[in-house]
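Please put together the full structure from these sequences, using the hints given.
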Amino acid sequence: MKSDDALIQLGHGGGGLLSRELIRTEILSRFGAAALRGLPDAATLPWAGGRSLVFTTDGYVVQPLEFPGGNIGDLAVHGTVNDIAVSGGVPRWLSLSLILEEGLSRAVLGRVLDSVRRAADACAVQVVTGDTKVVGRGQCDGLYVTTSGVGELLDGFSLAIEKVRAGDRVLVSGPLGDHGMAVLAARRNIAIQNGPRSDTAPVHRLVLAVQPMAGHVRFMRDPTRGGLAAVLNELVEDRPVGILIRERQVPFSAGTRAVAELLGIDPLQVASEGRMILVCDPCAAEGILRVWRGMPEGSQAVELGEVTEMSGRVVLETCTGGRRLVDVPRGELLPRIC
Amino acid sequence: MRYIEGFRNPEVAGAIRRRIDDLAAGLAGEGRVVNVMEVCGSHTMAIARYGIRDILPPGLSLISGPGCPVCVTPSGYIDAAMTLAERGAMVVTFGDMLPVPGSSATLAECRARGAAVEVGYSPMCAVDLARAHPDREVVFLAIGFETTIAPVLCLLEEAQRRGLKNLSLLTAFKLVPPALHALLGDPSVRIDAFLCPAHVSAIIGAEAYRPFAGRYRVPCVIAGFEPLDILYGLQGILEQIGRGEARVDNEYARVVTPEGNRTAQALMRKYLQPVDAVWRGIGVIPVSGLGLREEYAVYDAGPRFGLRIEAGSENPACSCGEVLKGKIRPPDCPLFGTACTPDHAVGPCMVSSEGTCSAYFKYVSVKGKA
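Chains U and E, in that order, give the protein sequences. The numbering of the first sequence is our numbering, which starts it at 310 and goes up by one. The numbering of the second sequence is our numbering, which starts it at 756 and goes up by one.
A portion of the hints provided could be inaccurate.
Unchecked claim - To be clear about the criterion: a stretch of chain U counts as covered by chain E if any three or more of its residues have a C-beta under 8 Å from a C-beta of chain E, and this derived list gives those stretches:
1. 325–338
2. 565–573
3. 631–637
Hints were generated in silico from the structure; no laboratory data involved. Think of the CB as a built atom: it goes at the ideal place given N, C-alpha and C, for glycine as much as any other residue.
Here it is in C-alpha cells:
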C-alpha cells in the first residue's frame, strides 16, 4: 500500500479509512504495544491507591476559528473533556497550548480564551499548565490549539468493545452532525435561516448520570470525525457482531439535514462535538434514556437500534423498508472540522 | 426540508411497494422478467442508499446505466488535466474527479505532489479563483451531462462579462440520448424499460425520450431522486409493461417539462457544437458529446495550451465498461472488492460518488447479495 515516496494527503486526516491506515502503519507500529493498543479515546493508567487516571490529548485546527454555536476555544475544552468522559472518567485538569500566527487579531484571541475559560468552568476542570508560541505569517492558519486532559476513572464502569454482544441496544444523546455541518456552512458562506449550529458541549454529566447503571454499559464514544458511521463501524470491525439502526430513529436537526442535503453529504458521517453514543444491555436502555431525557443535554436522546449477529456489518433500515450498509467515510469529507 | 420529507414517507413507500409486488407477480405469472435500466448515476446512488434493490420482488431487476459523468470521462482526459496542473496552471474540479485513476496517477496524488488542484462546489469557484490570481492560468475541468453543462457555460458568460483572460475550460461534455441509442442498438444488452434521469430531463425535456418509446418500444419513465419518486417510477413502468404499452411518462413533473429548459438549451447552442466523444470503458459514441465552437476557442484549454487529449491507458482487467453498459453487476467483476476498492481503485466506477461499483461497495453487500 505504501511506497517510500508516498506523501500525506488531506484525506489522511479525515477520520476515515485513510486515517486509520496511517495511524496503524506509522503510529501503532511504533507505540502500539501498551496503553495505545486498540486506540481508545483516552488512556486509562494505573495510579496510586488502586485508582486509575484517564489521560488524553487533542489538537484543534478548525477553520473558521469562530462558527455558529462556538469557537475553537470551547471546542478545545469540550473535545478533551469528552474523550475523558466517554472513557468513564471525570475530567479534572487541562493543559492549553497555543500556536499563534503573526497577524492574528488580539480581539479574536481574547474571545477564544474567554470561551476556554467559560467552558472549563462549566466542566469543573482547571487549566493548570500551558504554552504559547508565535509563528510567522503563513506558517499556521490563525490559531491552533492543543489541549491535554487528566481525569480520574469513575467506579463501576468496565467498558470494553469486546463486551458488546448481540441484543445490546445502541443509544444516542441527541441530534447528530450539527458541529460538522455548522462549520462547513460557515466556511462555504451558506447563509440559511435556522441553519445548523455547532453542538459543541461537554458530555461528562451524561456519563455521571448513568454511573448507577454503569455495570450494564458496554461502550461509550463521542461521534466526532467520521460521525456515527465511523463509531459504529469501528465497533463491529473484525468482530462477531453487527449493528442495525433505523433511519426513522436517527435524530438530525432541520438545519443540519438541509445543509447535508444541499451539499450531498451523508449526515451519518458528519461530526458532532457534544453528543455520545452508548451501547448497553437491553435491560438498561429504558432507564438510561429516561435519565438522559431529564437533562438539557440529553433531552432528545433516542434508541437508534441494536447489536446483531451480522458479523462486521452496520446496516441501516431505510424509509423504504429496504436495508443498506452504513459506509465508513473514506478520506477528505470535511478537512479541518475540529 | 418538510417538503422533502414528504417524498420519504415510510407508509406511502409501503403502499407503493405492495402495488409493485402485485404488478410484478402478475408479470411473473406470465413468465416475464423485467429489466429496468436506471440511466443516471444519481438514481443508482439513491437506489442503493435507500435499499431499494433489497425490496424489489423477484422478476423485477434494476440494472445500472452509463449516467455517471466521472465514470465515462476517459483516462486520457485526466492525464491532460494533470499535465496542465504540473505545468503550473490552477486546475479547478468537482471533488469527484480527485480519486479517479488516469493512466498512471490521480489528481489527488498530483495535488499531494504540490500541483494546484482546487476543488469547487460550483463552477463559479473558477471565476473567483481567476479573479484572485490574475497572474495564473485557471482551467476548469468541464465534464458532465446536460445538467452540468449549462451551469458551466454560465461560468463562461461570467468570464466574458468580467473580461477574464486567464480562465479556460478543458471540455469532455457528454449527452445522454446518444448513449441510450447506443445501448438499445447493442444486442448483448437486454433493456425492457428506462428509468430516465431527473435533472438531465429537466434540461432536455420529456420529449427527448419519445424516439425510445416509439422506435424501440421501450417504456420510459422520468423520475425524481427521492425514494418515493423511484418507487413510483417503477410502478409506472410495470403498469406500462403490463398493458403492453411503451410511452414516455413524466413522474417528475414538479421539475421536468415536455420541452425542457429553453434557456439552458439556447446557451448550449450558443457555445457548443456536437462532437464524437470517447466514453471510458465503452469507446467512441458518434455525436455523443459537445465541444466549444471555433469562435470560443480562446476559452478551450486544449488548443489554448497546445494540448491533445490522448487515448490514455486503462487497466485491461477493469470491467467498468461492462458495468456502465449494464452487462454485468459490480460483484460480477473479478476485481470488485479485492484488487479494486475505494482506497485503491482500478476503475472510475469504484470512486465516483455516482459510480455503480461505489454504490454497491458502500451500500449493497447485505443479505449476501454481493
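Here is what the structure says about each hint:
{"no.": "1", "hint": "325–338", "result": "holds (count 3)"}
{"no.": "2", "hint": "565–573", "result": "holds (count 5)"}
{"no.": "3", "hint": "631–637", "result": "holds (count 5)"}
Going through the hint list in order, the structure satisfies each hint without exception.
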